[in-house]
Amino acid sequence: EGQQKILDVLATDLELCEKDLADFLESKRRIFPRFYFLATTYLLDILSNGNRPWVVMGHINNLLQGVKTMTMTGEPKSTWEGCVSNEGEQLKLKHTGPLKLEGKVEYYLGDVI
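Numbering-wise, the sequence shown is residues 1 to 113 according to the UniProt record's numbering.
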């Protein structure tokens, strides 16, 4: 009976954690709607690496159709200079110039798009 009580408490705590995580992810998706089209594992990876844009940009092909990768510079690679299409075509940022990717990932991805 004691073990069952512990399991019940743990199950309740787990449900609360799952609900809080779902609410957190929903709040991020409201800010950057393209997150709705990502699997939760990808979204968690993006959010947990938000302070490392070069890691986040590894998921850019899941966020932007036709974009294979982003051209990043700086040390660490945190300045966006352009992108490369799935066909290998390169596009440089001409009108805005390079864009420093800093702050919360859901906001700087909004700047990218």
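Just to be clear, a hint being listed does not mean it is correct.
Computed list of lysine-lysine pairs in PhoX-like fashion (alpha-carbon distance at most 20 Å, straight line) [claimed, not checked]:
#1 68 x 92
#2 28 x 5
#3 77 x 104
#4 94 x 104
#5 104 x 28
Quick caveat, the hints were computed from the structure, so don't treat them as lab data.
TODO: Compare the structure with the hints numbered earlier in the document and write down the numbers of the violated ones, lowest to highest.
DONE: When the structure is compared with the hints, numbers 2, 4 turn out to be violated.
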